[in-house]
Amino acid sequence: MGFSFRTFTSALALSTLLAMGAAHAKELVMYNGGDVTSLDPHKLSGDWEDRVEGDIFEGLFTEDAKAKPIPGVAESYKTSEDGLTWTFKLRDDAAWSDGEPVTAEDFVFAFKRLMDPKTAAQYAYLQYPIKNAEKINKGEIKDLDQLGVKAVDDKTLEITLEHPIPYYPSLLTHYTAYPVPKHLIDKVGDAWVQIGNIVTDGPYKPVEWVPGSHVLTAKNEHWHGGKEKLDIDGVRFLSMEDVSAGFRRYQAGEIDLMTDYPKDQFKFIQENLPGQGHFAPFAGLYYYVFNTSKPPFDDAKVREALSLATYREVIGPKVLGSGEPAAFGWVPPGMNNYPEEGARFDWAKDPYPQRVEKAKELLKQAGYGPDKPLDITLSYNTSDNHKRIAVAIAAMWKPLGINVSLVNTEVKVHYANLRQGDFQVARAGWLADFNDPVNFLDLLKSGIEMNYGRWSNEEYNSLLDKASTTQDLEKRAGILEQAEKIALDDDAALPIYFYLSENIVSPKIKGFEDNVFDKHRTRWLSMTE
Amino acid sequence: MLSFVLKRLASTIPVILIAITACFFVLRLAPGGPFDQERALPPEVMANLRAYYHLDDPLIVQYLRYLGRLAQLDLGPSFVTKDFTVARQIGIGLPYTLILGGSAFLLAIVGGVIAGIYGALYHNRSGDWAIAAIAMTGLVVPNFLVAPILQLVFGVRLGWLPVGGWGDGSLRFLLLPVIVLALPHIARISRLMRGSLIETMNSNFIKTATAKGIGRRRVVLKHALRPALTPVVSYLGPAAGYLLTGSIVVEQIFGIPGIGRYFVNAALNRDYGMVLGTVIFYMALIVLLNLLVDLAYAWLDPKVRQR
Amino acid sequence: MTLYADKRRALEEAFAERDAEMPRGKPRSVTRDALRRLKANKAAMTALVVFALIVLAAIVGPYLIPYDYETPDWNAFTAPPSLETGHYFGTDQNGRDLLARVLYGTRVSLLVAVIATTVSVVVGVLYGAVSGFVGGRVDSAMMRFVDVMYALPYILFVILLMVMFGRNVFLLFAAIGLLEWLTMARIVRGQTLSLKEKEFVEAARAAGVATFPIILRHIVPNLLGPVVIYASLTVPEIVITESFLSYLGFGVQEPLTSLGTLISEGTDALGAADWLLLFPGGVLVTMLLALAFIGDGLRDAFDPKDR
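Residue numbers (the UniProt record's numbering), protein chains in the order written: chain A, 1 to 529; chain F, 1 to 307; chain E, 1 to 307.
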């Protein structure tokens, strides 16, 4: 399509439309961070996109106010004895926003489309537990019908897995498991996501989208839950990069809900906006990864020395200011199918000066000392938080005789470097996609893309494999904990802190419940004028 | 006249081509790609994506393909905002940038000329000094510093104006971003106007007019203003360019979806097609505005007109 | 006081036209003349003293204060200015002494400005001299190229360069210098052209003196004026560009800092820790104001007719 006068005038018309939208009745205005890049559930990548997507689509399972999985489009489900076959009965009243029913065929179509290499879906791998999914996605099997997803009838769906997974309902709440409207895509193809075409099966539907500005939703009158159950009429998800500017708009009452906040304003918020700052444990880990394929970080002693000398207790309260809990383990607390506190470093309870002494000793053993200082680079992607943490940690390592050069690059360059192993120590982070510890433990498995440091341990790998075939949850947790301990003992990477979810919520909004997944679907919220 | 315009337009095509070529190769040589992200993709998926957007072809083939499509006025897909083509997205963003830039342009001219005239007529008095001081401040304080302060004062503390957003596009929403954008140019234009008017007022033909007993007001408006405007007009071309590209920061801070913001985000996201598309539009706009300024210049200055 | 609309105007008007009828051979006297006029300009002299003090502080200051710019004070994170702790400007979010950081930041900002300015002066002088001396078709082609470059939207290319050289800020500013030399090239070309016709150059040529020594002996000395003015106008421009890039998140690598980086960090703390903005902002504004007055004074000194 070329640029034409018509696109220009339609854009002008759009801005007039904007004007009318402003007079919405109960519209929640949300600071949503990044720009939404697509409404197609197979083409997303960010948590800000998930906030939009989770309101407008509904999978077999969906989240309650505390982000626990509850049946969504599925009315009931059965699991086979071996845990491999899941049969879902779909709700009779589940419908797309054009009134067409949501059928099992929509799900089959969606899963095939997700795995089809031609779709180039970025997060297809999340649903690799489905039988043959990985092979299809990687082009080893060409026949899409081999995928373990079948429509028994219009309202019955059968999914076969590669191996049993106890967290499957949680995985089914993810956007990669949403249905897509087959009847519409058959008709208009890729243009189905355009406003004007798009139909969705969630409580809301998108009605306006200006890239770089916002996505606006409205109630979906065909949603099975009934639109009278929804208190909020629609959400305006604002794309904004400048969080300080966003916070000023919040202070002026133009924004009702901030999904981030300027770190320097923490004290101000606690003092002047009591009860509005929601800082709660969040299933996410902030860590540094060592490039274990090259010296000096192929030496576990050097890795341990750096880990020992990292004074995690001051990062949350002092450097960040909002009190993130220090991470002495790999799996964040509060995960399902796992003890509240998994494995920890042996030295986690030692006082800091003692740790530093031990670190110096280890470095000496590794051959570094005052006459042979260790020069390393620490890479992080552009962000105020990453910068502050890197500066603080470099200062903590300095007394060991380690000279740290900080390397700050844009996010695209940073991850390209990580992918190519072009770093020594680098910042990384992980947010849980579903509620299970393997989500985090998989990051250190050999042959996984996200294992940037290329740390490799046979025992660790085999323990994870063993866990994936163990059905007894208690036993499985034990195996996983063993694996976590191995990773910690060998200092596979350097966990720093567990994330906090950081939302600033206007007192007008009720029903906002803090939870470890930081998911707050609008259907559970209400708003007073 | 028409041939002059056509010639000017034709001579800009190589300029735009050079810019496109430079952008294309600089971007591709820059490290990182559009699909590098926090959650690494399996190599197979990455390969799928690159094939989907033809990024696996040799660079020169991609370049020629881009030019070929451009010749058909097709700016291609956006790699990041996947549901929109580049052309459609620019179509959406351009009106915001034009309204913002245009309003700031008008404000800069009107504000700058009035302040300049005042400064010239009362020069070296307190009013003149006050204007000079404000102008200097407007020039040296970066706009990403002015904007938050204005937001805080007029939006948060006083509550007179919206802090950000476009709202219904009414004056209330436009006021702060337009002022921030126009401020340095009001300063520059007022200084230009002042200097030039003082010089004109000292010239012989004005002295003659005054000697004839024509009122001061009339002398200024009827005789001195037009010649004194020439340097201001010659500045408008570059000013238009600065205003268009200067809106990058303003759009970010005020949350306005103009093409300046698209450009920065696209450059950071390695959204190659989007960067090229915005550069082409910026260049075209700047060329067009410069042409308009030249025409205005010809109208003001008889010497140029005859050439 | 005349504040320039843009650099191109300010310099070309002052030099390109006038130089044709200037007496040659005794360039020093022109400079001495200008210096005398500059000394009489109180505003410019005050500005010069202020600027010199800032530069001096940036160079020797860090050695005189008890804190360095990179070591955190674990007992004072984001602490307000205090006489007791010795953090006279307070500390930043990492517990580092703000005074030390402001001094270093000033140093770095000036350094990148000097780098970019030097690159552009060198390239401009060489390009202009060659263009003017060789003349003919080469000259017109070279000048056409300059026109093309003028049409490129400066800030867009700065952002593209940043994408390219994101890692090394000094390299980045050397590259930015490569976008800035156009005005310099034009002036030098103008001077070279007028000089070429003079009898003493022809005499020198007839005596067998090579081209380059002629340029060096007769043209370069005359360039002192334009170069000084050019620098006084370019340095603040680069400092502002640097701060703009810092706002977008592309400042110098930590733990080094620059005024722009400090200000953009301070802006986020606006209302919560105002000193983080106040001190670096104050230094930047003072420095830019001083440079503006110096540039003004210099131009008036070298070009007495346009007062």
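Be careful, since some hints might not be right.
What the hints assert, rightly or not - Only pairs whose alpha carbons sit at most 30 Å apart, straight line, appear in this in silico DSS-like list of lysine-lysine:
1. A/118 <-> A/131
2. A/138 <-> F/82
3. A/227 <-> A/68
4. A/358 <-> A/66
5. A/318 <-> A/294
6. A/68 <-> A/301
7. A/155 <-> A/118
8. F/82 <-> A/142
9. A/187 <-> A/135
10. A/182 <-> A/89
11. A/68 <-> A/466
12. A/475 <-> A/510
13. A/43 <-> F/7
14. A/78 <-> A/131
15. A/89 <-> A/187
16. A/155 <-> A/187
17. F/82 <-> A/112
18. F/82 <-> A/131
19. A/227 <-> A/26
20. A/66 <-> A/263
21. A/263 <-> A/294
22. F/212 <-> A/118
23. F/82 <-> A/187
24. A/358 <-> A/485
25. A/182 <-> F/82
26. A/135 <-> F/222
27. A/78 <-> A/182
Said to hold, decoys possible - Here are a few chain E residues that sit away from chain F, every Cβ distance over 12 Å (derived from the structure):
28. 32
29. 157
30. 227
31. 248
Said to hold, decoys possible - Simulated coverage check for chain E against chain F, where a stretch passes if three residues somewhere in it have a Cβ under 8 Å from a Cβ of chain F:
32. 82 to 95
33. 238 to 247
34. 266 to 275
What the hints contain is simulated information worked out from the structure, not anything from laboratory work. Quick reminder that beta carbons are idealized off the backbone N, C-alpha and C, glycines included.
How the hints compare with the structure:
no.: 1; hint: A/118 <-> A/131; verdict: holds (19 Å)
no.: 2; hint: A/138 <-> F/82; verdict: holds (22 Å)
no.: 3; hint: A/227 <-> A/68; verdict: holds (22 Å)
no.: 4; hint: A/358 <-> A/66; verdict: violated (42 Å)
no.: 5; hint: A/318 <-> A/294; verdict: violated (33 Å)
no.: 6; hint: A/68 <-> A/301; verdict: violated (41 Å)
no.: 7; hint: A/155 <-> A/118; verdict: holds (28 Å)
no.: 8; hint: F/82 <-> A/142; verdict: holds (26 Å)
no.: 9; hint: A/187 <-> A/135; verdict: holds (29 Å)
no.: 10; hint: A/182 <-> A/89; verdict: holds (19 Å)
no.: 11; hint: A/68 <-> A/466; verdict: holds (27 Å)
no.: 12; hint: A/475 <-> A/510; verdict: violated (40 Å)
no.: 13; hint: A/43 <-> F/7; verdict: violated (46 Å)
no.: 14; hint: A/78 <-> A/131; verdict: holds (17 Å)
no.: 15; hint: A/89 <-> A/187; verdict: holds (27 Å)
no.: 16; hint: A/155 <-> A/187; verdict: holds (22 Å)
no.: 17; hint: F/82 <-> A/112; verdict: holds (20 Å)
no.: 18; hint: F/82 <-> A/131; verdict: holds (29 Å)
no.: 19; hint: A/227 <-> A/26; verdict: holds (14 Å)
no.: 20; hint: A/66 <-> A/263; verdict: holds (25 Å)
no.: 21; hint: A/263 <-> A/294; verdict: violated (36 Å)
no.: 22; hint: F/212 <-> A/118; verdict: violated (84 Å)
no.: 23; hint: F/82 <-> A/187; verdict: holds (19 Å)
no.: 24; hint: A/358 <-> A/485; verdict: holds (20 Å)
no.: 25; hint: A/182 <-> F/82; verdict: holds (20 Å)
no.: 26; hint: A/135 <-> F/222; verdict: violated (82 Å)
no.: 27; hint: A/78 <-> A/182; verdict: holds (25 Å)
no.: 28; hint: 32; verdict: holds (26 Å)
no.: 29; hint: 157; verdict: violated (8 Å)
no.: 30; hint: 227; verdict: holds (22 Å)
no.: 31; hint: 248; verdict: violated (7 Å)
no.: 32; hint: 82 to 95; verdict: violated (count 0)
no.: 33; hint: 238 to 247; verdict: holds (count 4)
no.: 34; hint: 266 to 275; verdict: holds (count 3)
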